[in-house]
Structures are given as structure tokens and as C-alpha cells.
Amino acid sequence: MSEILVVVDHTDGAIRTTTAELLTCARRLGEPSAVFFGAEADVTPGQLAEYGATKVYVLDDDAYRDCLVAPKAEALAHLVAGRRPAAVLIPSTSEGKEVAARLAIKTDSGLVTDASDVVRGDDGAVHTTQSVFGGAFTTTASITKGTPIVTLKPNSLTPENADAAAPIEVETVDVAVSDAARAARIISREPREDIGRPDLADASIVVSGGRGTGGDFDAVEAFADCLGAAVGASRAAVDAGWYPHAFQVGQTGVTVSPQLYVASGISGAIQHIAGMRSSKTVVAVNKDAEAPIFGLADFGVVGDLRAVLVQATTEIDNRRAAGA
Amino acid sequence: MNIVVCVKYVPAAADRTFSAVDNTVDRADVDGMLCELDEHAVEEALRITEADGGEVTVVTVGPEEAADAIARGLRMGAHRGVHIVDDALHGSDAAATSLVLAAAVRKTGYDIVLCGMASTDGGMGVVPAMLAERLGVPQLTLASQVTVEGGTVTIRRESSTATEHIEASGPLVLSVTDRSNEPRYPSFKGIMAAKKKPVETWSLADLGIASEVGLEAAGTTVSAFAARPARTGGQIVSDEGEGGARLAEYLVAQKLV
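Protein chains in written order, with our numbering: chain F, 9 to 332; chain Y, 4 to 260.
Note that these hints are calculated values from the structure, not bench results. Note that the Cβ used here is the ideal one computed from N, Cα and C, for glycine as well. If a hint is listed, it holds; no wrong ones were tucked in.
Among the chain Y residues that face chain F by a calculated CB cut under 8 angstroms, a handful are:
(1) R137
(2) G139
(3) T164
(4) R231
(5) G237
(6) I239
Start from the sequences, fold in the hints, and give me the full structure.
Put into C-alpha cells, the structure is as follows:
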């Protein structure tokens, strides 16, 4: 079967949900091989095998950590030339998209970013689905050149364990990273504080607050914690200095597509909608019944967001207590 | 320090659609504008040259109407413009666009190539990285802050997991986010001065490009497009004191809790 390269997104070796999604997706196209950037000691082959990887290439070099994007693209180009995979799947993070961009040029290949679905067509080509123009349109495309390169959006599919996890082969790959690729050096890195909530980009539930919070995110955060959700913010809330930019949902912030998106006190400006339109279920709470966000909502409450969210939090807590 | 800013002429949000003929983004009969994310790139270029000297050239690849995007950049204060226009460009993908831009900035010469973070139409955000790859120069992308000292550029980049400071020495490709600065409005003086600024129009032949661009050369083929259907059947309730409880009920019924 044809080999599919899957770039592993991990934190100190622990694979992220997006990696499980990518491996699940790759099994539709062929036989997944994971590509792991980091120390061999950190690789967790069992986790990768569980989702169907039969091989993991381990690439360890300071350059992958200390330089921006270019070294990883070089390494992947080396693997593509040597292994001739049928496709390369990469997480749709800002770094992932830039690695994919450079790889597409190096290998003269077709590239699709932010795909929500990837299948092999009857014609044998890789076909993708993606939403464009801020979620206003959906397009399908086929990749017709070189080694198809796809970045897959988080939450695009449900990870599934492989039927029978085959033994996984670990192969260390040494690639000489060029001096040119080391030219953009990361001179400092301050990791985000762990706030004990899921990451916004791949959370399955997101509760966001906007202008309507008036700067008080307590009810938003409490509801998020009750649902095990990530907290997001509209651009208006971020521009007002109420919430850090890392949590901004929208065209120029994070694009999310969770199972459930709760927009509280958010009117629904185009640039916000562009960042959440592909959410599966949308709930809106806003005191303005005319707010455009209600046009996208599966369920909406016209009312004071604090009162509504606090009551909903209490109600869910009570139901859980009663059920326990 | 001479800076070339790559800008894009994009359809206004309300006018974004596809051509029924070949599934490409419809650019023929729509109102367009300078991509607003590119205004941050023009602004950053102006700030750097105002502090350190040098000239700003605005480059665009696009149909006749795309001259409007250059004009906007000149009114903001850029010194000159280059418009690459050629019928053979129709249907070009990001890889082809980066090929043309790379040839153009090599021809103009540059210390820094500056881009916006993404276009507001295609929105892939891959052209800056592709340009750096083609030019063989360092990429400093998605900067929320830029510092230039001598020949060294340092940026602040906010990733999903960390805030990073990244450094490289020129020549290089730089892209800035909408957090980097507040773009200026053209002044009356700027508007008058822009009328006298030089704009060159180049064809693909002027850049020595004979193939690898246009719809035929694209690495992907859009087979279908569809406007996302409006959400219907949404249930909107008014909070009469039980709105939160009804929300909880809905989430339970949908098995979301």
C-alpha cells in the first residue's frame, strides 16, 4: 500500500488530538508513517500505532526547535524524495501551513490548506473539501501535481483506533540541515501559561465572550469550565484589552471548528464569523435580538449573558449532581 | 533600507464568489480594494524607512483593476509601484503567484520583502513562506512587532503555544499581522503626491517567465463550489428568567453535555 507521511504535533512527546485525526485520515489514503520532530527518547510509538501508524521517522536536530519553519520543510523534502509517499498530511497550524508552503515549492507539488475532509477519488487523485471566503463558500478540489500536500483543520473528523495495531517500526533519520535554513533563529520563547483549559484551536467546545461582557469574563469562564471548554474572545473584547490576543477567534486570530461554539455578547461581525462558521453547533446569547450571530445560531437566548450563563452553569451542575 | 511590499487586490467581502466558467475566484465584475491586511505591511514599511531611510516599492500581481491597490499604497506614502499584469496569469495559484513575485522583487532589488499575514479572499497565508523559499532568504513571518537594528531584524511572533522572538539578517522576507501597527489614512498631501509617483507595468515576458503560471499550471483544480446554506430552524428564545435553564436543556437534549 502507498505510504502517507503524517507530521506529528506533540508536546514533549505526548501526541495532540490533531495527530490522531491526521493518522485516522491518512488510513483512508494509504499506510500512515508518522514524522516526529524531537528527541527519540520522547517518541511514544504505542500512541501512534494505536491510530494506525506502521512506522515513525524520528528527526532530531536543534534546528527544528531553534529555527523557524525552514529546517522542517527541508527534512520533509528529504523524506519525500527518498520515500516517494502518496501524500503528506500536516496539522493546519500557522507553523504547519508555512512548512507545507515551503515543501510545496521544494517538491513542485499541489497544496491545499485548512482542509476539512480528504479522500482518494475514483480517479486515484487526492480530493479535499475546504471552506473559503470566511466560511461563506465550500469548495472541493483535487490535487493534480507532484506529491499532494494537505493541511487538515482540527476537529475535521473523529479519531478512530486502527482495527489491529500492527507493530510499529522506529527509524531515525539524519538530515543535514543547511545553514540557509538556520538563518531565522528563535532567540527566546515564553510558553503560554497552562491555564488548565483545552487549547482553543482544537478544543471540542469553545465558549467565547465579546463586547457584551463589558470586560467581565467570569460568567464566560465559569460556563466554559463547567463544559470542559476552551475560552475565546471576539476582536472587540481583545482590542478593549479585556482578554489576551492569543484567545481571539476570527479571521486574524484563531479559526475554530468545535462540536459546540457558544458566542456570548458577540454580535457576529464578518471577521468573527470567519473564525467560527464551520462549528458544528452554534449557541448565541446576546441582549440584542437583531444581532447577526442569531442568524447562524442553532439555539439562541435573547437576554443578559451573565444571568443566562450563570443559570445554565448551575442547572448543568445540578443535573450532574442529581445523576451522580 | 529598500523595502518591497507585496500587496493584493481583493474582491470586497460582499462580492466574493467564483466564476461559473472555470471555478476560479471571480475577479472580473466585482468591486475590489487593497487587502486590508496588506495595509499593515505598507504601514510597517513606511515606519522602517521613515526611521532608517530608503524607499518603499509596492508590487502587485493582478488584473488591470489591481492598479487601485498600488494607488492606495502610494497615497499612504510608498514611493513607487510595480504592477504585473498578463492574461496568462488568470487562475494562478499561490505557488505561481510566489514565482512571479520572486522574479519581480529580484528585478527591483530589495533589503526586505514585506507582506501582510494573509489575503482576505484566498486566505491561505502561504505566499510569504513560498517567497522566502524561492528567494533563498530567511523568513520572519507573522510578526506582531518588528524591530530593525542595523541589518538585523527581530520580530515577536505569537504562536498558539508560545510567544517567540525571532531574528535574522537581511535580505529577508517579513510578514506582519494586524497587531503590528495601525495603518495610516492617506493625507491630502499624500493623495496629491501619489499622482506623480512612478508606476511601472510589467508583463510575464519582462520577468522572463514563460510557463508555470495560470490555471493550467496550478497544482490543484477546484471541482465544485457552493455557498454555505444559511442555518435554518435555529431556535431563538427570549430570556424570561428561565433562559439559562432552557439553554442547559438544549445542550443535554443535543448530548453536548
